[in-house]
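Q: Chain order of the listed sequences is A and B.
Residue numbers for the first sequence follow full-length UniProt numbering, beginning at 1 and rising by one.
Residue numbers for the second sequence follow full-length UniProt numbering, beginning at 1 and rising by one.
Everything labelled a hint here was simulated from the structure, so no lab data went into it.
Ideal Cβ placement from N, Cα and C applies to all residues, glycine included.
Where hints are given, some of them may not hold.
Said to hold, decoys possible - In silico lysine-lysine, DSBU-like type, Cα no more than 35 Å apart, as pairs:
1) A:LYS108 with B:LYS233
2) B:LYS191 with A:LYS127
3) B:LYS231 with A:LYS329
4) A:LYS408 with B:LYS199
5) A:LYS310 with B:LYS233
Claimed, not checked - Partner residues are not named here, just some residues of chain A that face chain B (Cβ under 7 Å, in silico):
6) ILE8
7) VAL73
8) GLN85
9) ASP93
10) GLY98
11) ILE109
12) ALA281
13) MET371
14) CYS384
15) ASP396
To be verified - Between beta-carbon pairs, the in silico distance windows are:
16) B:SER220 with A:TYR260: 47 to 53 Å
17) B:VAL164 with A:ALA537: 37 to 43 Å
18) B:GLU9 with A:GLU356: 49 to 55 Å
19) A:GLU356 with B:PHE86: 33 to 39 Å
20) B:SER220 with A:MET74: 17 to 23 Å
21) A:ASN118 with B:GLU9: 52 to 58 Å
22) B:SER220 with A:LEU250: 36 to 42 Å
23) A:GLU107 with B:GLU9: 49 to 55 Å
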Amino acid sequence: MSFKIEKISYQYSADTPLILKNINMEIRPAEVTAIVGPSGSGKSTLVSILSGVIPELMNKGMLTGTFHHEDDVMISVVSQTPENQLFGYGVEDALAFGVENLGLSSEKISERVESVLNLLHIQHLRKRAVSTLSGGQRQAVCIASVLAMKPDLVIMDEPVSSLDPKGKHLIQSVLNQLRAAGQTTVIVDNNLDWFSDIVDHVVGIDHGEVVFDGSRDEFFADAQLAQRLGVIVPQTVDIYHALAKKSDGLKPFTTLDAAYEALKDCVVPQAAKPAEGPQRAEQVLEVNNLSKSFTDGFQALKKINAGFEKGKIISILGQNGSGKTTLVKHLNGLHRPTEGTVTYLGKETTTKSVAEISRDVILVFQHPEHMLFEENVYRELTFCARAQGIPFAEKDALEVLENYDLLKDKEELPVNLSMGKKHLLTILSVLFSSAKVVILDEPTLGMDLHLRRHLEAIIHKLKEQGKTVILISHEIPLVFKLSDQLLVLDHAEKLAAGSVQQLAENEALFEKIQIDLPPVVRLSKKLGLSPLACDVASFAAQIDELQKIGGAERG
Amino acid sequence: MGDFLQYVELNSFLHRLDPRSKFVFFIIMSVLTSFVKSGAALLFLFLVFIAIWLIGGIGSYILVLANKVKVLLLFIFLLWLVLGLFTVNEGPAIFRSGFSLFGHAYVFSLEWFDFYKGAVYALRIFLMISAFYTVILTTNFSQIILGLQSWRVPYAVAFGVGLVFQIIPMIVQEFATIMEAQKSRGLEVDKCSAFAKLKNYVIVSLPLLFRVLSKGHAISLAMHYYKLNFKVKRTSYQTISAGRSDFWFAATTIAATVMTIVLQIRFYIQI
């Protein structure tokens, strides 16, 4: 069954601009369609129309055009926060909820529940309580609960945005199962990287208009379009575009194997150079023999020793539950050690309150809505400075807002901004604090490519100011691009620490923590590059250099 | 253990009971503790409760509850103690003195009975709360909905009640996270005056309000995605039925009720 959208336009009220303008598109049966576009482009409104929320629940706007589909069609949605979508204490209760609403007999409900448990290979979860599931498992159950209703179309709205690498793998395999089963699926996500293998069809929306409608490969071929729409593409695609700028005859590639085939003849093997050890700098923050046990007996950290150097970007890597967040909550005093110490510039922080420690070590939480409460964007930006009694000039604050495209929103209520902008705002507010150590927990949440560029600029700016940035992120290519050093945790223990280059050599380490090295690192290894390139720009520079050497040797 | 007002995943006999048996227990105990004012009867009921908690494996969670409500219980005890100071009762007095204020004569009289009265009222309140809490600790919100539905409570009401118990732990968690986030940005709530602390708690309620509203919006969308329509009859996957342990639990509840009433009649002291 295909779904056709013809000339759909929508505005929320008569005095607001059109949010969708004359949208024409088709969702083809048994295909995976990606809808991409920057924040505010109208993607969410389109999802609301497809799912019937507009006009069934929200009927005050003005909708024109037609959404063609057969009668009695079933369309359902998987949202980005499964905890708000799953109704039921146990997994079986949650899976049955939608089917019960259809009024089927208990035998039929039982059949449907069994069938989705088998389809998604989640039989082992059936007796678990929803609250005990990991993020990935919860999202898999959410998808299963929607599939149990046998929808003709499933729409997924950023389904992996808050998942760790293990959770993303689980959802990737679930989507592979769905595709094999011929399920018509729409995924609304500006991060095309994680589902690029299964997407058939891409629709790009900008300012409420369809600006692209074609295949995945056609979309990947147009680097400028992806940039304009703020879409995150697989790193191999970025590598191709970076190299193609300097090499006309380069054969297009989107996968790692194809990239290797295209590049293997251009590269002259180099003698391996040992990875450089980190250049030591003064340690601003240290943890010594840090252990943490909670009142229920759960041990979240075991004898951790780590130092955080001045002016460095240090990323903490590990799956959910490895102890990353518990560790950083010790750094800013939210948790007190069961054993061991935390010292800032050689002094223990135990006697200080969290607010006092925030003058030196500030933590930005992953959900901006936990932080925002001022009446406008300007006051939110300067909140830290006012809370800590740090003087600031209005001119500087306005300049920051202008540099990061927030000046026009100066008087706006912060909670009305898009998720990415809210997050950016909470991160920008630390620029006006006195803290010398800034901890960012999952800072990319809700950010498209444009906002990520801003985030990278902020992190570099903090580093230039001599501040230490501690980063927790599941976006591994970004971690390798930005970080100077890595600290790897697994099951509450420190597994390794060192420079990014050093640890990138250690494949066994990343296998153990079940995190894939970024494509650029894996390709560098395959091609025998030394030192290993950890980001696209340095990879392209190295390939360019090697091509020159190869050319000189041959010529 | 730190979580409050939510179901605890255990496999005790209390957890395995039909939710309706526990609802009946809660209703009977609520009525009983509303009427019974005899110290001996309440003490007996308290011992029955302790036996149920220990057999049900939830004793430690009841201690958490007792810790949370201790200030309330102390307040109730002191309130009745202070009120009793201005009433002359029969029985041995600890201290008694007369005084006059604005031309009126008063007697200030502290008796052992005042302590008894304070303790009886505090124990009644504790038993009322813990009867409710015993059900909440051992019945998850899906079972609550099923139980209410089987009593022909409209699904919209049953679903609403279940949703409340699903959402309360989420809101408690949200509030804790918001507090942590604000402290991390420099909001002082640890080393400040009680007034400043109160003011900061009020400030924190704003993001909590936004989070709750956004959660409410997300939940109403999810209800739409799952085609939930309270006007249409829905079916049920899980079923509930009473078993042998429900019989024994009901028998114990009835026996305890009869015994409490007997004790109330025989050992009632007017308070």
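Q: Tell me the hint numbers this structure goes against, listed in increasing order.
A: Violated hints: 2, 3, 5, 6, 7, 12, 15, 17, 18, 19, 21, 22, 23; rest satisfied.
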